[in-house]
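Colleague: Chain by chain, the residues:
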Amino acid sequence: MNDASGERKPPVGLTLRAVRDLVGGRVEGEGSLHVVGVAPVDEAAPDEIAFLALKRYARYAGSCKARCFLVSSEMLKHLPEGASCVVVEAPYAALGIVLERLHPQHVPPSGVHPTAVIGQGVELGEGVHIGPYVVLDDGVRVGAASVIGAHSVIGRNSTIGGGCRLHPHVVVYHDSVIGAEVILHSGTRVESDGFGYTFVDGAHRKIPQVGRAVIEGGVEIGANSTIDRGSLGDTVVGAGVKLDNLVHIAHNVKFGALSLMAALSGIAGSTRVGKKSWVGGRVGVSNQLDIGDGVRVAIGSVVMRDVPAGVTVSGSPARPHREEMRKQARVGRLPLLLDRVARLEDEVRRLSGAS
Amino acid sequence: MNDASGERKPPVGLTLRAVRDLVGGRVEGEGSLHVVGVAPVDEAAPDEIAFLALKRYARYAGSCKARCFLVSSEMLKHLPEGASCVVVEAPYAALGIVLERLHPQHVPPSGVHPTAVIGQGVELGEGVHIGPYVVLDDGVRVGAASVIGAHSVIGRNSTIGGGCRLHPHVVVYHDSVIGAEVILHSGTRVESDGFGYTFVDGAHRKIPQVGRAVIEGGVEIGANSTIDRGSLGDTVVGAGVKLDNLVHIAHNVKFGALSLMAALSGIAGSTRVGKKSWVGGRVGVSNQLDIGDGVRVAIGSVVMRDVPAGVTVSGSPARPHREEMRKQARVGRLPLLLDRVARLEDEVRRLSGAS
Amino acid sequence: MNDASGERKPPVGLTLRAVRDLVGGRVEGEGSLHVVGVAPVDEAAPDEIAFLALKRYARYAGSCKARCFLVSSEMLKHLPEGASCVVVEAPYAALGIVLERLHPQHVPPSGVHPTAVIGQGVELGEGVHIGPYVVLDDGVRVGAASVIGAHSVIGRNSTIGGGCRLHPHVVVYHDSVIGAEVILHSGTRVESDGFGYTFVDGAHRKIPQVGRAVIEGGVEIGANSTIDRGSLGDTVVGAGVKLDNLVHIAHNVKFGALSLMAALSGIAGSTRVGKKSWVGGRVGVSNQLDIGDGVRVAIGSVVMRDVPAGVTVSGSPARPHREEMRKQARVGRLPLLLDRVARLEDEVRRLSGAS
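Top to bottom, those sequences are chains A, B and C. When you line the first sequence up against numbering that gives the first Met the number 0, it's residues 0 to 354, in that order. When you line the second sequence up against numbering that gives the first Met the number 0, it's residues 0 to 354, in that order. When you line the third sequence up against numbering that gives the first Met the number 0, it's residues 0 to 354, in that order.
Isolated chain A, as found in the complex:
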């Protein structure tokens, strides 16, 4: 963590007391200790505060090079005798706050790079940054303070809200609507055509995809993910949704506000996912389904039926997690069952002989 990057080398550091003032909790030991960065307990340098929140990493506390720790109350007992630390109840929230202070995000200067290609009728808000080789097609609007990374291409009449961050190599097709404070990572494709054909005269005839993709405010989408436009009507990614890398959202999906989906997962056409749901990694959800609010889908599941609100499902085909666990347990007990049946056969043979 000691390279030359402006981003990694914070301008000023913090004392433990200052950390405590930022995140709450309490100081133990030397409150005057000064730190310039945060690092995991197994990698921290002497001038950093070591973060410890998971038991799995407790074994590194003894040999940690850092002189102080940001630690959850549960992990406190694993610290070396008399170690200085800030103790908190919600370690990840605290971590976020310290990181924002000690590792502030680099914001490129406002302005339009001379190599950017700007179409007719493009409207740019205050303080936007338009990077090298960006292409903004006719009628594009970009809100105040948004950053459009190098090589990104925004199609005709698409709207990008204020305070957005598009990393390099994002492509947004025409007529998309992207809200405020949206983060799109490199390689994200917004509003590509959905997978819609009819078989006519011995060939698959493309059904024109004319709907939109609507990405609401506060959404973050990972690298190389794809969000298809609606075939008719809109594909909607709800406010505050977070999608990981290599995720696929098909045409006309409505993905509920504040839901999350991990990497390599996909939602097929026209399926509705409720609010505050969690979809694990490498999951497939079939088309035309209704997935309720607060649903949880375990890693690797294949969802082929509607799921009521609040239910956790797993397996392939996915079923309520408890049922799936019981099923797995029963299959695991099959050898025992085979033995019991064999014993019964012997006994019955004996009895038949006897009678």
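Hints are computed from structural coordinates only; laboratory data are not their basis. One or more of the hints may lead you astray.
Each computed DSBU-like pair below joins lysine-lysine, with the alpha-carbon atoms no more than 35 Å apart [to be verified]: (1) C:K76 / B:K205; (2) A:K54 / A:K275; (3) C:K54 / B:K274; (4) A:K205 / B:K54; (5) C:K326 / A:K326; (6) C:K275 / A:K64; (7) B:K64 / B:K54; (8) A:K205 / B:K275; (9) B:K54 / A:K274.
Given the structure is predicted, the values throughout are model-derived calculations rather than measurements.
Given the coordinates of chain A, assemble chains B and C onto it according to the supplied hints.
Modeller: Just chains B and C, lined up with the frame of chain A:
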């Protein structure tokens, strides 16, 4: 559906009679009603014709803002009393025709953008559009009326047929052969190296990948999909194939004409997939397999053996769908079986005591 | 295999004897035969040497147009009577050597394309090639003889080792460390943000991702794959690792040296994968796990527990392959078990009547 986009606001509309003349079927109610667009029944505006073909959406017909409908004969009964409509037998084919008329695709003007980098010996057909920052390496040929989107990079001596549409940020490596009327969505990679190594002297030594990728006419490939070049010989995506987003075709795969594959699925090296097959989403097909013509692979399956022509498979490992269903049913009946065995044990114990 | 590409048409060919001298093994038949290329036995032209190493392709030997073969000793018996050939024990290693000689990789000339955007303090080694529209941000270092393909974007203070090959459209975020002799295919994203949030005040608050991505020497990463930066500390892809297309490596993963992972697979946050492991295609590995050295994970598996060194796992959830096979066999025998239980019930009914 009411923004300022040239693509979304059609130049002229159609009367219901004109729609009927385009798609066949019959008019009910006011044939003179005028519509400027098509929309799903749950999102249609008053100046649009509402599309209804799935029972799932029938519940929206009553509250639909549109004054008329494009409807399948099965769904007709779900329309409000006396609603005007065009009734058809093949609703999706009809939808495609109306969309092409009311929502015509935007075609960028022909010409080469001044920022495009054109190599030596490049041949461009009549009326091609070469977008901003496109790179065409030496010896590239692009057929008449093809559109190469912004930032796309075409490698040495690759050939793109006529009437193709490459969306922004497509990369085609050298020596690829792409047929006519091919659509490649943003982020598609054609002819990247396959995954081929030999373990020599304690390391994985790369086997040079020198084959080609051949994409035949009428193919459409979704966003961020990858088609590897052959290691030796060719990888072939057959005529009229449609691939969804985030799909992987490994080296030397032969993917049969008119077959389809949904998102997040992959075919491993040297596997042959027959014609008119259907591969669902999130499927994995192992290497060196022969998958017959007209095979159907259910969502989420893992195919580890050859599949004869015409068979539908599902599960992991995939087996004929009927077998898989029976297997699942049997596992579901395990609790019952456990009860029966327990009863037998009691009864036999009783008999043993008696005898 | 006969197009105009400099890459495909080798300057000079080789005699069979020369091939033998390169790869070892022995010549049978005419050692003076001259070949200009290598091709698979089912696609070889008369001026090429046909490669045959798999029984599956033996059926093509009889009708092969080539006049000679590169063949493994096991396959020798499948060649036509009196065919000329070079016979080797390790056919793929031999193939690699011949390919490097007959199909040498095209290396673009050194130099910086006039359209490249070079930031302040950028250091370029001897003989580098910087392609059209490349963006190298401030403080980037590129080692000698590395090739940075068109449109690639390298973020602030990132380091690329010597002898690397970045194909077009690679994006590397700031502060990455990429070793020597690394190959990154088109669309690879290195050091995008990991998927890290805490739920605060009714919304998912982003935990700043401030760690690095470290790609060690000799790594190859396939098209459209994504490697996240560490949240804190580093994500590490070990020396000599080979990753296929559309692969996901989450934040803080440590992926051991010389391990391989096939397409569409992903490793979740903070999981450690040992050295010389093999992860098949379409696999998901859960977060916070320890996967030992030399582990093998079968295609389509979902790994949800630690795996000890040297173990092969399969299934979902993954378990030791032998157990999984036994489980599958038992489930397959369920119909038989049901019959046995039914017979027992009859017999016991009979006995009960008798007693």
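Colleague: Take the hints in turn and mark each one as holding or not.
Modeller: Now for the hints, and whether the structure bears them out:
Our distance criterion of 35 Å between C-alpha atoms is met by C:K76 and B:K205, whose separation comes to about 28 Å. Only pairs whose Cα atoms come within 35 Å are accepted, and A:K54 paired with A:K275 is accepted, the gap being roughly 28 Å. About 25 Å separates the Cα atoms of C:K54 and B:K274, which keeps this hinted pair within 35 Å; it holds. Between A:K205 and B:K54 the CA atoms are separated by roughly 23 Å; this keeps the pair inside 35 Å, and the hint holds.
Restraint check for C:K326 and A:K326: the C-alpha separation of about 13 Å stays at or below 35 Å, so the hint holds. Simply put, C:K275 and A:K64 have alpha-carbon atoms about 30 Å apart, close enough for the 35 Å limit, and the pair holds. In summary, the hint linking B:K64 to B:K54 is supported, as the alpha carbons are separated by about 18 Å, within the 35 Å threshold. Distance hint between A:K205 and B:K275 is fulfilled; the C-alpha atoms sit about 16 Å from each other, no more than 35 Å.
Restraint check: the Cα-Cα separation between B:K54 and A:K274 comes to about 25 Å, which is no more than 35 Å; the hinted pair holds.
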